[in-house]
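Peer 1: Here is how the chains run, residue by residue.
Protein chains: 2
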Amino acid sequence: MNRTHNNGQLRMSHVGDNVELIGWVAKKRNLGALVFIDLRDRYGVTQIIFDESFEERLKEVKNEYILQVKGSVIERSSKNPKMATGDIEVQAKDFQIINTAKLTPMIVADETDALEETRMQYRYLDLRRPMMQENLMTRHKITRSIREYLDNLDFIDIETPYLNRSTPEGARDFLVPSRVHKGEFYALPQSPQLFKQLLMVSGFEKYYQIARCFRDEDLRADRQIEFTQVDVEMSFLSTDRILEIGEGMIAKVMHDVKGIDIELPLRRLTWHEAMEKYGIDKPDTRFGLELVNLNHIVADVDFAVFKNALEAHGHVKGINVVAQAQEFSRKKIDNLTEIAKTYKAKGLAWLKVSEAGVQGPIAKFFTEEQMNTLLTAMNAKENDLLLFVGDPKYEVVCDSLAAIRNYLGKELKLYDPSTFDFLWVVDFPMFEYDDETQRYYAKHHPFTRPKDEDIDKLETDPENCLADAYDIVLNGFELGGGSQRIYEQNLQERAFKALGFTQEQIDSQFGWFVEGLQYGTPPHGGFALGLDRVAMLLCGCDSLRDVIAFPKNTSATCPMSKAPTPVAKAQLDELGIGVNKNESTESK
Amino acid sequence: MNRTHNNGQLRMSHVGDNVELIGWVAKKRNLGALVFIDLRDRYGVTQIIFDESFEERLKEVKNEYILQVKGSVIERSSKNPKMATGDIEVQAKDFQIINTAKLTPMIVADETDALEETRMQYRYLDLRRPMMQENLMTRHKITRSIREYLDNLDFIDIETPYLNRSTPEGARDFLVPSRVHKGEFYALPQSPQLFKQLLMVSGFEKYYQIARCFRDEDLRADRQIEFTQVDVEMSFLSTDRILEIGEGMIAKVMHDVKGIDIELPLRRLTWHEAMEKYGIDKPDTRFGLELVNLNHIVADVDFAVFKNALEAHGHVKGINVVAQAQEFSRKKIDNLTEIAKTYKAKGLAWLKVSEAGVQGPIAKFFTEEQMNTLLTAMNAKENDLLLFVGDPKYEVVCDSLAAIRNYLGKELKLYDPSTFDFLWVVDFPMFEYDDETQRYYAKHHPFTRPKDEDIDKLETDPENCLADAYDIVLNGFELGGGSQRIYEQNLQERAFKALGFTQEQIDSQFGWFVEGLQYGTPPHGGFALGLDRVAMLLCGCDSLRDVIAFPKNTSATCPMSKAPTPVAKAQLDELGIGVNKNESTESK
Numbered sequence: 001m002n003r004t005h006n007n008g009q010l011r012m013s014h015v016g017d018n019v020e021l022i023g024w025v026a027k028k029r030n031l032g033a034l035v036f037i038d039l040r041d042r043y044g045v046t047q048i049i050f051d052e053s054f055e056e057r058l059k060e061v062k063n064e065y066i067l068q069v070k071g072s073v074i075e076r077s078s079k080n081p082k083m084a085t086g087d088i089e090v091q092a093k094d095f096q097i098i099n100t101a102k103l104t105p106m107i108v109a110d111e112t113d114a115l116e117e118t119r120m121q122y123r124y125l126d127l128r129r130p131m132m133q134e135n136l137m138t139r140h141k142i143t144r145s146i147r148e149y150l151d152n153l154d155f156i157d158i159e160t161p162y163l164n165r166s167t168p169e170g171a172r173d174f175l176v177p178s179r180v181h182k183g184e185f186y187a188l189p190q191s192p193q194l195f196k197q198l199l200m201v202s203g204f205e206k207y208y209q210i211a212r213c214f215r216d217e218d219l220r221a222d223r224q225i226e227f228t229q230v231d232v233e234m235s236f237l238s239t240d241r242i243l244e245i246g247e248g249m250i251a252k253v254m255h256d257v258k259g260i261d262i263e264l265p266l267r268r269l270t271w272h273e274a275m276e277k278y279g280i281d282k283p284d285t286r287f288g289l290e291l292v293n294l295n296h297i298v299a300d301v302d303f304a305v306f307k308n309a310l311e312a313h314g315h316v317k318g319i320n321v322v323a324q325a326q327e328f329s330r331k332k333i334d335n336l337t338e339i340a341k342t343y344k345a346k347g348l349a350w351l352k353v354s355e356a357g358v359q360g361p362i363a364k365f366f367t368e369e370q371m372n373t374l375l376t377a378m379n380a381k382e383n384d385l386l387l388f389v390g391d392p393k394y395e396v397v398c399d400s401l402a403a404i405r406n407y408l409g410k411e412l413k414l415y416d417p418s419t420f421d422f423l424w425v426v427d428f429p430m431f432e433y434d435d436e437t438q439r440y441y442a443k444h445h446p447f448t449r450p451k452d453e454d455i456d457k458l459e460t461d462p463e464n465c466l467a468d469a470y471d472i473v474l475n476g477f478e479l480g481g482g483s484q485r486i487y488e489q490n491l492q493e494r495a496f497k498a499l500g501f502t503q504e505q506i507d508s509q510f511g512w513f514v515e516g517l518q519y520g521t522p523p524h525g526g527f528a529l530g531l532d533r534v535a536m537l538l539c540g541c542d543s544l545r546d547v548i549a550f551p552k553n554t555s556a557t558c559p560m561s562k563a564p565t566p567v568a569k570a571q572l573d574e575l576g577i578g579v580n581k582n583e584s585t586e587s588k
Numbered sequence: 001m002n003r004t005h006n007n008g009q010l011r012m013s014h015v016g017d018n019v020e021l022i023g024w025v026a027k028k029r030n031l032g033a034l035v036f037i038d039l040r041d042r043y044g045v046t047q048i049i050f051d052e053s054f055e056e057r058l059k060e061v062k063n064e065y066i067l068q069v070k071g072s073v074i075e076r077s078s079k080n081p082k083m084a085t086g087d088i089e090v091q092a093k094d095f096q097i098i099n100t101a102k103l104t105p106m107i108v109a110d111e112t113d114a115l116e117e118t119r120m121q122y123r124y125l126d127l128r129r130p131m132m133q134e135n136l137m138t139r140h141k142i143t144r145s146i147r148e149y150l151d152n153l154d155f156i157d158i159e160t161p162y163l164n165r166s167t168p169e170g171a172r173d174f175l176v177p178s179r180v181h182k183g184e185f186y187a188l189p190q191s192p193q194l195f196k197q198l199l200m201v202s203g204f205e206k207y208y209q210i211a212r213c214f215r216d217e218d219l220r221a222d223r224q225i226e227f228t229q230v231d232v233e234m235s236f237l238s239t240d241r242i243l244e245i246g247e248g249m250i251a252k253v254m255h256d257v258k259g260i261d262i263e264l265p266l267r268r269l270t271w272h273e274a275m276e277k278y279g280i281d282k283p284d285t286r287f288g289l290e291l292v293n294l295n296h297i298v299a300d301v302d303f304a305v306f307k308n309a310l311e312a313h314g315h316v317k318g319i320n321v322v323a324q325a326q327e328f329s330r331k332k333i334d335n336l337t338e339i340a341k342t343y344k345a346k347g348l349a350w351l352k353v354s355e356a357g358v359q360g361p362i363a364k365f366f367t368e369e370q371m372n373t374l375l376t377a378m379n380a381k382e383n384d385l386l387l388f389v390g391d392p393k394y395e396v397v398c399d400s401l402a403a404i405r406n407y408l409g410k411e412l413k414l415y416d417p418s419t420f421d422f423l424w425v426v427d428f429p430m431f432e433y434d435d436e437t438q439r440y441y442a443k444h445h446p447f448t449r450p451k452d453e454d455i456d457k458l459e460t461d462p463e464n465c466l467a468d469a470y471d472i473v474l475n476g477f478e479l480g481g482g483s484q485r486i487y488e489q490n491l492q493e494r495a496f497k498a499l500g501f502t503q504e505q506i507d508s509q510f511g512w513f514v515e516g517l518q519y520g521t522p523p524h525g526g527f528a529l530g531l532d533r534v535a536m537l538l539c540g541c542d543s544l545r546d547v548i549a550f551p552k553n554t555s556a557t558c559p560m561s562k563a564p565t566p567v568a569k570a571q572l573d574e575l576g577i578g579v580n581k582n583e584s585t586e587s588k
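Chains as they are written, first to last, in the numbering used here: chain R, 1 to 588; chain H, 1 to 588.
Next up, chain R with everything else stripped away, as it sits in the complex (with noise of 0.2 Å):
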């Protein structure tokens, strides 16, 4: 088997040339006696020319079977400009069948009819087609961009078992029976979190490694069970290093992988100004519709709403959602209020600036001075649509301001979206107050260690207590994130306590791991980056499954191989485990 070109070589300089060529059959049209084929490979496609004497062996010949043709290169009477070899044409002199297909249950092109779930069952075919194999080999791009960049500037890739302790609290870890241990389970990993501070402890400095991560969290429309994650630590560094490092190895994939050299350093915004500017601490910066605090600016309307928000200690935002007064018709905005009230608003606010004067519901609680101080506040011209929401609940204002936000952003095309705009969420809150539990949660792990300004504040105000973390954002999607981590013994078991562990619940959960931070562990930090969704946002995708090779459906089953399954009961007695028969399997 043999060839002397790919199907995405052939320009005008072969023409003259004998070559041969392999590939699948894309496309097959007769035109009279003449059958012109689409050969297809990795590398793109060729058109190969048929003259009558091959007309009655090319019956058999159907789309997606392998042919090895030879033939001659020849330049087209019409050229092709949308394909790489569009100039030029393969008249063949021979062929031969490598194998043969069955009808395909899909048609395999970028422009397909196939449901998600046809495309998954035959994800072979799915691979097939450009756009699928175009979106695998950026993810390799990207992979490799990566390791270059780590490699070079001397971290070791280490890997880290997939056969893990469970620690029970936080995600739901998928638990593996051990056969030896009957009755005792490995969990697989959620992250390599605690073996890359150990490895820190080790002594390792630089540690990178691409790792899978598995998460039995409840699904939702695009989350995969298992997802790859780059994974990032190192010692001896400041914050200010670290993120060096980490913006420098996504300038380094965006000039490899998208040709685009993005500006360095990006900008940062503190976790407080994402809040206050987007609502949001993966901002999409894009575009502007940035929201305005209007605390101070309203707090002496007689509007029920805003009073309410304020006497509760509670906020009052707005957005200027400039020069669409006269295209936000009534019931466009009670579209946005919709989006307002699923993030738990009450309601959404507005008022319509005009020539005549300013209009809306809510107009008629604004003295003239009032309304003069809000509009110069909101920058707000003639024919600007302003959008209010006030809440006692801070994450409430936010959340729904910055969903509507999102959405006019998009709606209203505010940005170009193969433009990317990445910028770091630095100084988050180390704590996050849960009302249900009344009590304090580590935002992050508890292994993030608070900024050296405000450790005190552990004890004395948690909730002002920031910590050394930080995400980074790629057009309203976080990438990544990480921290510095505690490395101290006294300050951990103050950051422990803090969060109101118990010692028998550290002892249980991390005993094994809080041991090894005794023995000398340097200061490190480092962060980790989802790849499945960079790759998606390089790739231009909607979806996650567009970028693995073989995803999970949103049941979390394989439609291709049908996993998971039910299994002998002879492999269940080996592992010393039962099914329990009274619970019943959700149909799949």
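Incorrect hints may appear among the rest.
Unchecked claim - In silico DMTMM-like links for lysine to aspartate or glutamate, alpha-carbon gap of 20 Å or less: (1) H:K182 - R:E411; (2) H:K569 - R:D573; (3) R:K182 - H:D507; (4) R:K141 - H:D154; (5) H:K569 - R:E217; (6) R:K282 - R:E411; (7) R:K562 - H:D154; (8) H:K182 - R:D218; (9) R:K102 - H:D151; (10) H:K141 - R:D218; (11) R:K252 - H:D151; (12) H:K252 - R:E148; (13) R:K27 - R:D151.
Honestly, the hints are just simulated from the structure, not real lab data.
Once you have looked at the hints, place chain H on chain R.
Peer 2: Relative to the frame of chain R, chain H by itself:
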């Protein structure tokens, strides 16, 4: 926190420079009021000298404390040629304790008297030992070199799922209970075999992955339940080209990692030649001591063991242990006999060639002419020791003599342990006959392709049907192997039939995969390398555990985290499984 240099960096050219270093206290010793500290980091060790002014402050500094030291580089009065930085030392001007350390339960140095269980329990300390750091860095160099090689040859790194479908039969799967589909299970992959073949069906043409694999096999001294495989597959290429790509990869690794340029192409032995010459399909070819087939030579000798073996269509083979007759006492020969018996030989026959003639218990069975023929066949000279095994079973003869050969090779120092002798073993048999079940089994997996010229032997002569399969062997270890795969529907059916699979078995075990082969499968083949083993041999280690960051011990537990562990009943309930109470847990 700052350092101007690392601890492996300073040389005579730096004398007079002011430097800042960071590292762990590897050793501290007093010389009068002077204190010497060896400061260790990932890059090496530098000696720091503290004058008497530091004596008091240094009292609290103990081994494995982390120090930051400011000082100036001075020439050592007594240089240490064994240390890269042995020409200099740093005269401390100031220091700071970055972190303290508890007394370590083991000595953190290459020379340690810690038991392996202790080393594994405190793995983070064990990994600080320069030897272990070196091992993991070598491992990283190997993967980096492999990736560079394959990336540059246009291979795409594609991740395949870790949560798969269980395949009954074969090695035991690790199962993962599904929470969403209660009573059903995922399985961790034993290898990405089926997925990599489907990627060829998908048209990627050149795939690789450095993938974790999982096998719940019975434990042996040096086996891990998870291991790492360099997995490679390609389409449209001849076996010669696949081997060329494989050995090119090995050559690059040897060049990049060991600085050794091995000669290519590697020599190839057929499986039959390997068995004949070495009695084993993974021969250590660093030394001779080859087996001699004596079936025809001793056909008429009136010695019952030989006679019985040959009459039962068995075999007689010998080894000439050159110039060792006088060295091998009766006791030493008994020792060899024990080895032979371990491999089921009924005994070990022997002769010693001396000036006075040939001596030994079996000498009397030979006529003079028979003895002369034997000595000629074995190229025997004075003081040679000749060893023989005869048995009705070929594998008994081979196994026992191969074990004796490997033993003698090491014992008699017949090779330089620092040499690396690679070779391919090719043309493996397709089938292995199992006496117990009286049927043929695939020696590889059932998708292995027979050699073109042997296809018809599938039905007519399965015993002599050879596979287009190959192993790569180094110094007596199988590093990996692979094959061409069956890509034609009808041939696959013939192979399944020859292996005694029923249609039902095919459907239930491989149905989803075999379905995929029908839509235009290209000719394809590939190989897989055991990365852990490659790393072990290149590091010159005796155990896989020395090249894995966090290995399991021989009872498949992690002495550090204590995984596996019992889990909360709530976790099991959520998965719909229970532990069988009548099963006892083996003690760890």
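Peer 1: Out of the numbered hints, which ones does the structure contradict?
Peer 2: 1, 3, 7, 9, 10 and 13
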